[in-house]
Amino acid sequence: MVGVLLVLFVVAGLVQAWTDSPTVDEGVDLSSGLSHWVHHDLRSSPEHPPLPQLLAAAPALAAQPIVPQGEAWRSGDWFAQTDAVLGANDRAGRLRRVVFLSRLVPLLEAVGCAVLLFALGRRLAGQEAGLLAAGLWLSAPFVLGLGHVQSIDVAFTLATLVVVLTLVRHHEAPSLGRAAAVGAGLAAALATRHSAVVLVPVALLAVGLAVRGDRRQVLRHVALGALVAYLGLWLLYRGFDLTPPTGAPASRFEGIIATASGDSALARPVLAVPAPQEWRAGFGSLTITSDARPAWLFGQAWEGTRWWFFPGSLVAKVALPTLVVLLLGPLGWWRTDPRRRRRAALCVALPAVTLFAFTAIQPLALGLRLILPSLALWMVLAGAAAVPLVRARAGRWALGVLALLSTVALVTASSHALPWTPPPFLPAYRFVSDSNIDYGQDLWRIRTWSEGREPWVEVITPRGLEVGAATRSLVGADPREVRGWVAVGVTSLTVVERDELAWLRKYCPVGTLGGGSTLVYRFAEPPSAAPGPDRPVGPCFGADRSDRD
Numbered sequence: 045m046v047g048v049l050l051v052l053f054v055v056a057g058l059v060q061a062w063t064d065s066p067t068v069d070e071g072v073d074l075s076s077g078l079s080h081w082v083h084h085d086l087r088s089s090p091e092h093p094p095l096p097q098l099l100a101a102a103p104a105l106a107a108q109p110i111v112p113q114g115e116a117w118r119s120g121d122w123f124a125q126t127d128a129v130l131g132a133n134d135r136a137g138r139l140r141r142v143v144f145l146s147r148l149v150p151l152l153e154a155v156g157c158a159v160l161l162f163a164l165g166r167r168l169a170g171q172e173a174g175l176l177a178a179g180l181w182l183s184a185p186f187v188l189g190l191g192h193v194q195s196i197d198v199a200f201t202l203a204t205l206v207v208v209l210t211l212v213r214h215h216e217a218p219s220l221g222r223a224a225a226v227g228a229g230l231a232a233a234l235a236t237r238h239s240a241v242v243l244v245p246v247a248l249l250a251v252g253l254a255v256r257g258d259r260r261q262v263l264r265h266v267a268l269g270a271l272v273a274y275l276g277l278w279l280l281y282r283g284f285d286l287t288p289p290t291g292a293p294a295s296r297f298e299g300i301i302a303t304a305s306g307d308s309a310l311a312r313p314v315l316a317v318p319a320p321q322e323w324r325a326g327f328g329s330l331t332i333t334s335d336a337r338p339a340w341l342f343g344q345a346w347e348g349t350r351w352w353f354f355p356g357s358l359v360a361k362v363a364l365p366t367l368v369v370l371l372l373g374p375l376g377w378w379r380t381d382p383r384r385r386r387r388a389a390l391c392v393a394l395p396a397v398t399l400f401a402f403t404a405i406q407p408l409a410l411g412l413r414l415i416l417p418s419l420a421l422w423m424v425l426a427g428a429a430a431v432p433l434v435r436a437r438a439g440r441w442a443l444g445v446l447a448l449l450s451t452v453a454l455v456t457a458s459s460h461a462l463p464w465t466p467p468p469f470l471p472a473y474r475f476v477s478d479s480n481i482d483y484g485q486d487l488w489r490i491r492t493w494s495e496g497r498e499p500w501v502e503v504i505t506p507r508g509l510e511v512g513a514a515t516r517s518l519v520g521a522d523p524r525e526v527r528g529w530v531a532v533g534v535t536s537l538t539v540v541e542r543d544e545l546a547w548l549r550k551y552c553p554v555g556t557l558g559g560g561s562t563l564v565y566r567f568a569e570p571p572s573a574a575p576g577p578d579r580p581v582g583p584c585f586g587a588d589r590s591d592r593d
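To convert, note that position 266 of the sequence shown is 310 in the numbering used here; the numbers rise steadily by one, no gaps.
The hints are simulated quantities; they were obtained by calculation from the structure and are not laboratory data.
As the structure is a prediction and not an experimental result, all values here were calculated from the model.
Keep in mind that the hints are not guaranteed to be accurate.
Said to hold, decoys possible - Derived Cβ-Cβ restraints for the label pairs, each shown as a range:
id, residue 1, residue 2, range
1, Trp278, Leu449, 45 to 55 Å
2, Ala401, Phe585, 36 to 46 Å
3, Pro432, Ala302, 32 to 42 Å
4, Leu275, Phe402, 22 to 32 Å
5, Pro355, Gly156, 48 to 58 Å
6, Phe402, Pro575, 29 to 39 Å
7, Glu525, Gly283, 56 to 66 Å
Note that CB positions come from ideal geometry on N, CA and C, so glycine has one too.
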C-alpha cells in the first residue's frame with residue numbers, strides 16, 4: 045500500500061505541478077534562485093537562505109529563462125527583481141515550463157522525506173513503524189499540496205529529518221565522525237531556513253547526552269558538531285559566491301541587520317554571530333517583517349496568532365483516521381524498550397516540540413506548512429502504533445482500513461490537493477483560508493475562465509504577474525456598479541481584503557475554480573454594499589445567480 049501511495053503521490057504531484065500557477069511565495073524564491081545561477085551572486089534573496097532556491101532553480105535553467113540584470117539587480121532590490129524575472133518570462137510564454145521544472149525538486153524532496161521517515165521509524169521501532177510513518181506522510185493531501193510547489197517548507201522538513209537521523213545514528217554508536225555528521229546536517233538546515241537556529245542547541249544537547257565518558261569527551265563531540273555546522277554554513281555560501289555583496293546591496297543588507305538588531309533583543313545575539321552577511325540579512329529581514337497579520341479559521345477573524353490555530357488547522361486538513369493515529373500512536377512507545385524510548389524522546393520528540401513551540405509563538409498564522417517539520421517528526425512517533433497492531437489480527441485489519449481510507453483521500457485530492465479538506469469540513473472555504481486552501485495557485489485557471497466573461501476579479505498573485513486585460517479589479521470598485529461574473533480567491537475574501545470585500549461574504553458562490561480555492565459569483569443586479577458575516581455563506585452551486593443569505 046505504501047508503494048501504491050508513492051506512485052499516486054508522484055503522478056498527482058507532476059500533474060498539479062504543471063496545472064497550478066506560481067504560488068505567492070514561489071515568485072520570490074524562483075526569481076532569486078534563477079538570478080543566483082545566471083549571475084552567480086547571492087544578493088537577491090535576503091529573506092530566506094539560498095539552498096532551496098538553488099536546488100529548485102537548477103532544472104529550470106533548461107527552459108532558458110529570462111533573467112534581467114537591470115537596476116533591480118544592481119541595487120539588490122529582490123522584490124523588484126522578482127517583478128522583472130516573472131514578468132519577462134510570462135510575456136515570453138516560458139513561465140509555465142520554468143515553474144514546472146523548478147517544482148520537480150520539491151516533489152523529489154517530498155519523496156525523500158517519506159524515505160527518511162521510513163528509515164527513522166525502522167531504526168527506532170521496527171519496519172512496521174517505518175512503513176506507517178511513510179504511509180501517513182504520502183497519504184496526506186496537504187503534504188501533496190505543499191510538495192508539488194517550490195517553497196522552503198518541504199525543503200526544511202527534509203533537512204530537519206536529516207538532522208534527526210544523524211542524531212539517532214550518533215545515539216546508537218557515538219563517535220566523532222557521527223557528531224560531525226550532525227553538524228553537517230545542521231549546516232544544511234541553517235542554509236535552508238532561519239528557524240533552524242532553534243535546532244542547533246537542541247541537536248548539540250542531544251549529541252552531548254549520547255556520549256558516555258568524561259567531560260572532555262562530551263565537549264569534543266559537541267564542539268565538533270558546532271564547528272562543522274558553523275564552517276559548513278560559510279562553505280555553502282562562499283562556495284557558491286566567493287565574495288560578499290558590495291555597493292548598494294551591501295548597504296541594504298547592513299541597514300536591515302542594524303534595524304533588526306535595534307528592534308529585537310532576541311535577534312541581537314543571533315545577528316552578533318559572524319555568519320555570512322547574506323544569512324544575517326535574511327534573519328534580520330524576517331525579524332523586521334514578522335508582525336501581526338490578518339488570520340482566519342473556522343469563521344473567526346483576528347490579527348496575529350492564536351494558540352489553537354495550528355491544532356485547529358490540523359483538525360480541518362487531516363482525515364479523521366490519520367488524525368486518530370497521530371493522536372494515539374505515540375502511546376505505543378510505552379511498550380517499547382526504555383533505551384529506544386529515551387532515544388525517540390531526545391532525538392525526535394524534543395526537536396518536534398521545540399520547532400512547534402517556536403513557530404506557535406510567532407505572529408504569522410499562515411497554515412500547516414509552517415509546522416510541517418514537526419508534523420513529519422510526529423508521524424515517526426505515531427509509527428510506533430504499528431508495532432502492537434501487527435501482532436493482533438484485529439490490529440492488522442485496522443491498519444488495512446487505514447491504508448484504504450488514506451488511499452481514497454489521496455485519490456480525491458489528486459487534482460487539487462491544496463484546497464482539500466475532509467468531511468465534515470466541506471465546503472472548505474467556510475473553514476480554512478490562506479495556504480490551507482488558497483496559496484495563489486489559480487492565476488492560469490482564472491485567465492482561461494475569464495475569456496469572454498470580462499469578470500470582476502480579486503485573487504492573490506505572485507509579484508510581477510497580472511490577472512489579465514480581460515478582467516476588472518474588484519477591490520476599489522463600488523459594489524453598486526458590479527454586475528455579471530465575479531471571481532475571488534478565498535484568501536482575499538477572508539484575510540487579505542476581508543474588510544474591502546465584507547459585502548461579498550453574504551452572497552452565495554455559484555461555482556468554484558481550482559477545486560474550491562477561488563469562488564465564482566454572478567450578479568444579475570448590483571449587490572448591496574452592507575457588510576456580511578466573517579464566515580462566507582454556504583454555496584448555491586449551479587444556480588443562475590448569487591443570492592443573499
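Against the structure, the hints come out as follows:
For Trp278 paired with Leu449, a C-beta distance near 48 Å keeps the hint of 45 to 55 Å intact. The hinted window of 36 to 46 Å between Ala401 and Phe585 holds, with their beta carbons roughly 41 Å apart. In this structure the supplied range 32 to 42 Å is violated for Pro432 paired with Ala302, their Cβ-Cβ distance being about 56 Å. As the Cβ distance of Leu275 to Phe402 is approximately 25 Å, the hint placing it in 22 to 32 Å holds.
Separated by about 27 Å at the C-beta atoms, Pro355 and Gly156 break the suggested range of 48 to 58 Å. For Phe402 paired with Pro575, a C-beta distance near 36 Å keeps the hint of 29 to 39 Å intact. The hint said 56 to 66 Å for the Cβ distance between Glu525 and Gly283, and at roughly 57 Å that hint holds.
Of the numbered hints listed earlier, those contradicted by the structure are 3, 5.
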